[in-house]
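Numbering (my numbering), first residue to last: 126 to 430.
Just so you know, these hints were derived from the structure itself, not from any lab.
Each residue gets a CB set at the ideal place from its N, CA and C atoms; glycine is no exception.
Accuracy of the hints is not assured; some may be wrong.
Computed Cβ-Cβ distance ranges for the label pairs, DEER-style [claimed, not checked]:
#1 Gln324 to Ala163: 32 to 40 angstroms
#2 Glu246 to Ser155: 49 to 57 angstroms
#3 Glu181 to Ala339: 19 to 27 angstroms
#4 Arg375 to Val200: 37 to 45 angstroms
#5 Arg178 to Ala313: 42 to 50 angstroms
#6 Arg178 to His354: 27 to 35 angstroms
#7 Ala384 to Ser155: 33 to 41 angstroms
Subject to a maximum C-alpha distance of 16 angstroms in a straight line, what follows is the list of computed EDC-like cross-link-like pairs (lysine to aspartate or glutamate) [what the hints assert, rightly or not]:
#8 Lys413 to Glu244
#9 Lys204 to Glu244
#10 Lys204 to Glu246
#11 Lys376 to Asp230
#12 Lys376 to Glu343
#13 Lys413 to Glu246
#14 Lys171 to Glu148
#15 Lys376 to Glu389
#16 Lys316 to Asp352
#17 Lys171 to Glu181
#18 Lys413 to Glu192
#19 Lys316 to Asp334
#20 Lys316 to Glu241
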Amino acid sequence: MELRHLEYFVTVAEERHFTRAAERLLVSQSGLSASVRALERELGAKLFVRTTRSVELTGPGRALLGEATRALANVRAAKEAVAAAQGLLRGTLSVGTEQCIAGVDVPRLLAGFRAEHPEVEIRLRQAGSRLLAEDVAAGRLDLAFVALCGPPPQGVRLTPLTSEQLVLLCHPRHRLAGSAGGDGARWAELKGEALVDFQPDWGVRQLTDRAFAAAGVERQVALEVNDVHSLIELVEQGLGVAVVPRHFARKPQAAGVCAVPLTEGPQPVWEVSVALPAGDAASPAARKLCVLLDLPEGEPGPQPV
126 MELRHLEYFV
136 TVAEERHFTR
146 AAERLLVSQS
156 GLSASVRALE
166 RELGAKLFVR
176 TTRSVELTGP
186 GRALLGEATR
196 ALANVRAAKE
206 AVAAAQGLLR
216 GTLSVGTEQC
226 IAGVDVPRLL
236 AGFRAEHPEV
246 EIRLRQAGSR
256 LLAEDVAAGR
266 LDLAFVALCG
276 PPPQGVRLTP
286 LTSEQLVLLC
296 HPRHRLAGSA
306 GGDGARWAEL
316 KGEALVDFQP
326 DWGVRQLTDR
336 AFAAAGVERQ
346 VALEVNDVHS
356 LIELVEQGLG
366 VAVVPRHFAR
376 KPQAAGVCAV
386 PLTEGPQPVW
396 EVSVALPAGD
406 AASPAARKLC
416 VLLDLPEGEP
426 GPQPV
């Protein structure tokens, strides 16, 4: 089985489109299709269901995807380990982060890494924490900055960076805005409010879901977004209220909204961590990035799984 065939298969699975996969790999579409057919012949199974609009994995394709991703990650790790043993740091550093993460300035951190290790290609993916942690477990990311609610996926360890309380964001003329300088708002007072929140794979969404349940307050997310600035803008326009980590309220874009402490109920803590492969499986590049974070290089974190 050729590694090239596995790489082509994984790329098609990620793009769900042969043309886009060929463009990403810088190969001809006919050559890509021929490689996938060769892999299907070798395995004796059809890996994709092709339609005029999309490409979907079959059952055997889904079974192969995880193993193929891990195999390619192991090959890359082997190459990087040999280079590191020779005193070189090359290859790729793949980093994931949720938006507006606290405890780390990701652009500044990556710029510092680039200055020290110019031969390493940096790749960045922004998504919800749960998806990022799954990518670390599958070997698609070297590490990720996440705010998980609950334990990490199997094969991932977390090293905490920082934590903070949640606050309510509302329009300055909202009925609860006056509580900002006093005793704060009670969770029960949020019953019936139109809520702005993130998509379900975000760590803060999972945390607020649990907090409302613990407070015994039924809620319906009226406005679901996938970026922090859109959330703030919707609150600023009076279209809803939002429960978010405290540092969101300190963003310049939040100058037009009111931040209200939440009291008399659950006090959930939003914890930001670095997600790394369990044990000593972190790549040489990921270990060097941890050094820039003042984390012990390659030392397992406190939550092995």
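The hints, checked one at a time:
1. Roughly 38 angstroms separates the CB atoms of glutamine 324 and alanine 163, a value that falls within the hinted 32 to 40 angstroms.
2. Glutamate 246 and serine 155 have their C-beta atoms about 28 angstroms apart, which leaves the hinted 49 to 57 angstroms range violated.
3. Between glutamate 181 and alanine 339 the CB atoms are about 39 angstroms apart, so this pair departs from the stated range of 19 to 27 angstroms.
4. At roughly 44 angstroms, the beta carbons of arginine 375 and valine 200 sit within the given window of 37 to 45 angstroms.
5. Judged by the Cβ atoms, the range 42 to 50 angstroms given for arginine 178 and alanine 313 holds: they are separated by roughly 48 angstroms.
6. A beta carbon spacing of about 32 angstroms between arginine 178 and histidine 354 agrees with the range 27 to 35 angstroms that was offered as a hint.
7. Our hint of 33 to 41 angstroms for alanine 384 and serine 155 is violated, since their Cβ atoms are close to 57 angstroms apart.
8. Under the criterion of a C-alpha separation no larger than 16 angstroms, the hint pairing lysine 413 with glutamate 244 is consistent with the structure, at around 13 angstroms.
9. Of the supplied pair hints, the one linking lysine 204 and glutamate 244 holds, its CA atoms being roughly 14 angstroms apart against a limit of 16 angstroms.
10. Proximity of lysine 204 to glutamate 246 is assessed by CA-CA distance (about 14 angstroms); at most 16 angstroms being required, the pair is judged to hold.
11. As the CA atoms of lysine 376 and aspartate 230 are separated by approximately 14 angstroms, the hinted pair is consistent with the 16 angstroms bound.
12. About 29 angstroms separates the Cα atoms of lysine 376 and glutamate 343, which puts this hinted pair outside 16 angstroms; it is violated.
13. Restraint check: the Cα-Cα separation between lysine 413 and glutamate 246 comes to about 14 angstroms, which is no more than 16 angstroms; the hinted pair holds.
14. At roughly 23 angstroms between alpha-carbon atoms, lysine 171 and glutamate 148 are farther apart than 16 angstroms, so this suggested pair is violated.
15. A threshold of 16 angstroms between alpha carbons decides the hint, and for lysine 376 with glutamate 389 the separation of about 26 angstroms lies outside it, so the pair is violated.
16. Between lysine 316 and aspartate 352, the direct Cα distance comes to roughly 24 angstroms. Violation of the 16 angstroms bound is thereby established for this hinted pair.
17. The hinted pair formed by lysine 171 and glutamate 181 meets the criterion: a straight-line CA distance of about 11 angstroms does not exceed 16 angstroms.
18. Using a Cα cut-off of 16 angstroms, the hinted pair lysine 413 and glutamate 192 is violated, with the two alpha carbons roughly 27 angstroms apart.
19. Distance hint between lysine 316 and aspartate 334 is fulfilled; the C-alpha atoms sit about 13 angstroms from each other, no more than 16 angstroms.
20. With a CA separation close to 52 angstroms, the supplied pair lysine 316 and glutamate 241 exceeds the 16 angstroms bound.
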